[in-house]
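Novice: Residue numbers (the working numbering), protein chains in the order written: chain A, 1 to 263; chain B, 1001 to 1268.
Rather than coming from a laboratory, the hints here were simulated on the basis of the structure.
Watch out, some of these pointers could steer you wrong.
Stated by the list, open to error - Just some of the chain A residues that point at chain B, by a computed CB distance under 8 Å:
1. Val45
2. Asp48
3. Thr50
4. Gln53
5. Gly55
6. Ser56
7. Pro134
8. Asp136
9. Gly139
10. Pro141
11. Val151
12. Thr152
13. Met159
14. Arg160
15. Lys161
Glycine is no exception: its CB is placed at the ideal position from the N, C-alpha and C atoms.
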Amino acid sequence: MLHIATAHYLSPRWIEIQTRYLREYIAAPFQTWASLEGIDPAYGVHFDRTVEQLGSHAGKLNHLAMEILEEASDDDLLMFLDGDAFPIADPMPFIADSLAKAPLIAVRRAENVNSPQPHPCFCVTTVRTWRSLPGDWSGGPTWPGGQGWNVTDVGSLLMRKLELAGLPWIEVLRSNRNNLDPLYFAVYGDLVYHHGAGFRAEKLAATHRASAEDPAPMRGSSRLRRRRWIEWERAKRERLADQSARVFERIERGGTDWLAELI
Amino acid sequence: MLHIATTHHISPRWIEIQTRHIRAHISVPYRTWASIQLIDPSYGAHFDRIIEQNGPLAGKLNHLAVEILEEASDDDLLMFLDGDAFPIADPMPVVMEGLQAAPLVAVRRAENAGDPQPHPCFCVSSVATWRELAGDWSDGYPWSDERGRRVTDVGANLLRRLELSGTPWVQLLRSNPRRLDPLAFAIYGGVIYHHGADAGELSRAQRERAPRPLGGAGLPLLGAAAARFDRARLRLWSRRAQRTCLLRSELLYAKIQQGGSDWLADVS
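Here chain A stands alone, though its shape is the one from the complex (with noise of 0.2 Å):
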């Protein structure tokens, strides 16, 4: 059985969405686990099972794999999926060939200022590998990030546990043949798309930050300067949620014209 952990926020936007895909691509049995915050709980019935929560998104995820591994077996698998992410094709055949080498497999955002870990828009494992590390999406441990300061993120500390296991995992990268975000629209493996930008269209990654053309050069006044940056900031959120609402609104159509357009 593959357990399907996934947190919805506030939005149901992507619920129907997520899940017709779902039950075209997802070859194996499955169920699905949902974590519904802010959404009416009639969405519910879109999902097998759905687990009351609130707060942090690595604290809900941790919480949904507690639940699933009070029923599952060690045998079972355990797939993590954001949101607004979803399978474009079937991904079992790559899991089965996957796991035969490593324990672990997901995504790694190396596009965003080369992320080490693992993300939870797609991660799978065996049960019994979440049980014995034990898994857990906390950020912690830090590297360097792109403006020379060490970071962090959701992720990190599942990452560091592997290290200290001294487990493999599988990357998961992003193969966009076309990029209409440095980021965000992204699908990886040719398998999963995360639209990245499905419950926070206003936020910007580093990697937005780091590819940005320099708005504020060095003349001027620091308030001046500040000033730019903030009217920067301001304009790309405001393409970005432009671009992530006619990105859904194709999507949401149904097809695969939108496809097209990213791989």
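Chain B: place on chain A using the hints.
Specialist: Coordinates of chain B only, in the frame set by chain A:
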């Protein structure tokens, strides 16, 4: 061996105080493991081990435990202690008595609108227990507070793990009066002090003391005016309550910093 995991963030102001009280009151061999994010690394000299970390508190604590578990043996003890918490008496008799009754001893901040979960301001278990439980300080699992609101907080997933595994735990409750503040400046089990007032944010326990709305909702014109008045009154009350708490925090901190135990009379 007792492994003490603690996190200090941005300000070093509790480091000397905390480590002084640990030296004065911990009667068994111990080792301190600390996170000192955004603090001058020279403060690392106060601790046995420094772990480079970033991010929210729960992740830092989980990470500290991971690093400790790499070196510790199953029979060792693992103590979590907030950066602004420290022993005011030898806690080991209370800890050992507690661990004979249950595998985990922790503060429960029942005074915070009935919080049911273990709190990391002070928590002790054996390394074996933490390993078996797959201890996790993150939030997620919710409960209803005293007013029926669904809430979660740090320690929620640990509570759930204890429930699911049928593991009992010994709760250390507040043992000093709430005269100065309903949540901050707390003593638990007569052995641990937790300042808990540096952030300047109002706790749920403090918000319980907020003025109740005047009512009038649903009445045309009068309802809208009453709601505006209630919001303004609540803003004013919140600002005043925050100022009062911060002022008391600073006064008490200055006394604690001076040394001795006279300050304890203020909170007892």
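Novice: Taking the hints in turn, state whether each one holds.
Specialist: Going through the hints against the structure:
| no. | hint | result |
| --- | --- | --- |
| 1 | Val45 | violated, 21 Å |
| 2 | Asp48 | violated, 19 Å |
| 3 | Thr50 | violated, 13 Å |
| 4 | Gln53 | holds, 5 Å |
| 5 | Gly55 | holds, 4 Å |
| 6 | Ser56 | holds, 6 Å |
| 7 | Pro134 | holds, 4 Å |
| 8 | Asp136 | holds, 6 Å |
| 9 | Gly139 | holds, 3 Å |
| 10 | Pro141 | holds, 6 Å |
| 11 | Val151 | holds, 6 Å |
| 12 | Thr152 | holds, 4 Å |
| 13 | Met159 | violated, 11 Å |
| 14 | Arg160 | holds, 6 Å |
| 15 | Lys161 | holds, 6 Å |
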